[in-house]
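Here is what each chain is made of, one letter per residue.
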Amino acid sequence: MTRSVAGRVCSLLALSVLLVGLIAVVSPARAEAAYIGWFVYVRNGSNDNGTLMWKWTIDDFPPVYSVSHRAGSGNAPNDNTNGWLPVGWYSIKEHWNKYDGDINGRVWRLSNKWSVQNPSVLRYDLFIHTEETPANGQSSSVESERWDGPSDYYSLGCVKVSYGNMDGVHTRWAKYGGSTAHGSGSPYPLSSKLYVHN
Amino acid sequence: MGIKVSRRIVLSVVAVVAAAGVMLAGSYVLLGSGEDYAAGDARTSADGATATVGDASSVSGTVVSSVKNTADLDPQAMVITVPLGVKLEVPGMFYGIRAKAPVQLGPKGVKGTTSDSFGSQAGILVPDGRHLLYHFTRQLMSFPSEAPGDPVVPDGTPMFTPSIRVLDLDTGEDALVVSGARSMAWRSDGMFAYAAGVEPDYRYNERYLQRVVVQKGLDGPSEVWTTEAAHYAVVQWAGDSLLVWRELPAAGRELLALDGRNKVRTILNAGEEELVAVSPDGSRMLIWTGGALQGQDPLTLREIEWTSGRQIARLSLDGVLDPASGEAVYSMASGSWEGDRVVVSLTSGDLAVLSTKDDALTLESVITFSYPKLRRASIQQPLLDGENKIIAVTSEGTADTEELERTAVITYDLVSGECSRWIVPGTRALTALVANPSRPR
Chain A
1 MTRSVAGRVC SLLALSVLLV GLIAVVSPAR AEAAYIGWFV YVRNGSNDNG TLMWKWTIDD
61 FPPVYSVSHR AGSGNAPNDN TNGWLPVGWY SIKEHWNKYD GDINGRVWRL SNKWSVQNPS
121 VLRYDLFIHT EETPANGQSS SVESERWDGP SDYYSLGCVK VSYGNMDGVH TRWAKYGGST
181 AHGSGSPYPL SSKLYVHN
Chain B
1 MGIKVSRRIV LSVVAVVAAA GVMLAGSYVL LGSGEDYAAG DARTSADGAT ATVGDASSVS
61 GTVVSSVKNT ADLDPQAMVI TVPLGVKLEV PGMFYGIRAK APVQLGPKGV KGTTSDSFGS
121 QAGILVPDGR HLLYHFTRQL MSFPSEAPGD PVVPDGTPMF TPSIRVLDLD TGEDALVVSG
181 ARSMAWRSDG MFAYAAGVEP DYRYNERYLQ RVVVQKGLDG PSEVWTTEAA HYAVVQWAGD
241 SLLVWRELPA AGRELLALDG RNKVRTILNA GEEELVAVSP DGSRMLIWTG GALQGQDPLT
301 LREIEWTSGR QIARLSLDGV LDPASGEAVY SMASGSWEGD RVVVSLTSGD LAVLSTKDDA
361 LTLESVITFS YPKLRRASIQ QPLLDGENKI IAVTSEGTAD TEELERTAVI TYDLVSGECS
421 RWIVPGTRAL TALVANPSRP R
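Residue numbers (the numbering used here), protein chains in the order written: chain A, 1 to 198; chain B, 1 to 441.
I should point out that these hints are in silico values taken from the structure, not numbers from a laboratory.
There could be a bad hint or two in this list.
Selected chain A positions facing chain B (in silico; Cβ < 10 Å) [stated by the list, open to error]:
no.: 1; residue: Gly37
no.: 2; residue: Asn47
no.: 3; residue: Leu122
For glycine and all other residues, C-beta sits at the position ideal for the given N, C-alpha and C.
Just chain B, same shape as in the assembly:
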């Protein structure tokens, strides 16, 4: 995918540091940008790393280098695993407190993997607390390597079939919900949304075109909400509206709000802004722009009332530097919003903690994880649990190879600064957090 993306050319780090006259602690470097920074609540971390930025603003920078291994997954977390090294032919497991023991996922005897091949969230726990919706991708054929002399697979060859399945955590019963579908959202009143393939199978080197479908519950009547076939990914419900991405060939994606059959509004334009998180009540969004998206502008967060487009607050991250590379942070990944706090995964591998109190956007701290074998930029899917804890997935391995050695779930306590790590037991596996729309807020 190759949309026009660009970033601001960062001035010499050394020069900026000197100009700002900032005392930096440890390996952490964070500089403010003047008026866009709201004053933060500087707090000395467990490691004592605090950076004060100018007179008007201050933020704390925390380097987490001490991690305690734990035998049990955090009780607030649920994960789905994907075994590695088996060509995505073996389904993974579900771990979480709702399951008294790890549960094998997927239909018996069928080659496939328990993930969405296009990157949407792995699974959802339905608010009844009993049913787990998850992706299962049935493998029809291995991908060709495209290396010289290796077998050629013709374009259009069926390669895999995405599907959505449901596991009853009480009975262990596992069933197909819909074949040829992927990415999903569940509303508190039981409205279930997903993207259904125009054809059930993904074909080699062809776009996987879909339509967004909404239905009542798992077996109620369904309605197509987007009659135009495109590459969609269902994101989540925001009130009565369904947020979906529509991906444009090689040019990024636009965020749409669907309010019914062909009632489509474009919320974010492709290549201009990206969604970070939606407020718990669904009325607001945190989005990022600039940086790698808009070349000449600094990386900036905006809090908006998305139905009207009204901007609530804005925060420039100009001058926030990746401690590993010393370069400016130029893009962001996903975020999680609980109450008036948001945690955002920066593609530098750091986590930014922000406050949305009093309609202001404030950078509270930036947390950098640094311990042996933690891979670069590998803190993914951060989740705020409402109890001042951040749960996230990490990837670990050596720098010598791209392949992962293991993945883990870390739990970081924002108050105590303690960090624990649960490593997926047994086989080498990828890990993905399960969404829990009904968790306490």
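If we strip away everything but chain A, and leave its shape as in the complex, we get:
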């Protein structure tokens, strides 16, 4: 009988997590595990079918754990104004759970960056977010506070994940090497927390 690669990877992952947990429990000298985590956004040559990953290590040692979700960025296939995010590293400048603005709810604000394809154009007002109400619900009346489907992956450059996946994205950020802090004060900005590539 054969097992899928994914199945084996999952088993190994589960075993690794179990072992790490066991070591943490039986070793009184060991401090609480320090998670180091960061986002990776892969554009996949698409505005509406990229991949947002949360990657993390424990105490900065391999393996690197990773969970992926479909995401989108931009509405043109370039990194010029309104296109997808330029490649490179970004800081997280702020993180809010109940953001109440033109976008809402759980949001991460990113550092600004020059376009690579048009290096005279600055990209700014960049976030990771979904479409939800400030209270993290879904609105029946406000379209921008409701996830309607794949068409909502388009943006003006922000990385957007579906409402259904936001819980997972947010939980891993808080538990596995992001931060439980909210707002724009300390510990923000957090350097090198998002890496974007093709």
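Chain A is already provided as a structure; the job is to place chain B on it using the hints.
Structure of chain B alone, referenced to chain A:
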């Protein structure tokens, strides 16, 4: 920026093609959508690629694969260049028939670049034909890479100073007009508008807040037209009204018409509609909606009388497919309107040519450029010159790297189908067309 944007889920291309029973030529695919299509004038292109759509409508699709290099920039075109690979520290050049030779821009010995860092048009030739207004962005500090281990730059650190300068093409004299300002428009009677920074410098990771200022000429008395500080971009004059964008944090931009100090009207709401072009007399607008803006609706063009909001004509582009990806075209960039014709840059990289004759909106043709090293979706800033020619900027390079190899200006003749290309000589450089509000109409 991350406004709610969405698009219609496109049906299987193959299924649609089969259902329509359309014979497609070459790599070009274009399908009509029934009642919203006005009948076009099908025309066989130089490449012989014509697609007929149903019984009620037809459009021509042209694939331009043959491009002739030329040593001279089209006489109707003027451009400002930005050297690449020098961290935006070296000013560019001005090229155009008004300049007998390329002219170096920018103040001597100052690090900076000849562009607007927030993406508005590079420059304007004042109707006297003598004075060129252009952006100069003085670099104060290089941006951090944000990569692990690299130096951290604190938020709020001054990074650059936008400014507007003027070059006298007759004497070569170059002077500062206003520091801490960007995006501009010039009216035929000499009213000059720009967005002035509340603080002159852009600070790292902070919004560059501005107020819109209008003044008579370059040194006349000025008046603030928007006392509310926001991120504005001056678009153009439309009659006595000044059109400006106001950008909302992460949620797109709204188009405003200003008629005086704090006389502000919202013309287009953020995230719902985008401006494509304004008619030469300033009374009408071509706008797009649907597609990437309104998820469940097809990409649609509307011609409106903007002062009243009255719709003149409407055209759905449902079924217009990007030949490269086979996907539906879901958004548009800028356009140019001359007489009763409009050319629009689609974000697929194609150019759509439309007619506004007899208060109808008709898709005449879609032009696809396809030649070696032309980058995907890189036909930008199309300009109709009034002589059946389209002038546009292109970006070229290999697919292996994001970085540009070169930029060029192409001139496409709508009648003959001939296409020529002028490559910026010398150094690798970005290219931006200069607006010429007084060009013949």
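Practice task
Let me know if the C-beta of Asn47 of chain A comes in closer than 10 Å to any C-beta of chain B, holds or violated.
Solution key: holds, 8 Å
Exercise for the section: So, Leu122 of chain A near chain B? Judge it on the closest CB pair being under 10 Å. Expected result: The hint holds - Leu122 of chain A has a Cβ within 10 Å of chain B, the shortest such distance being about 5 Å.
Handout entry: Gly37 of chain A as chain B interface residue, shortest Cβ-Cβ below 10 Å
Key = violated, 13 Å
When the structure is compared with the earlier hints, a violation turns up for hint 1 alone.
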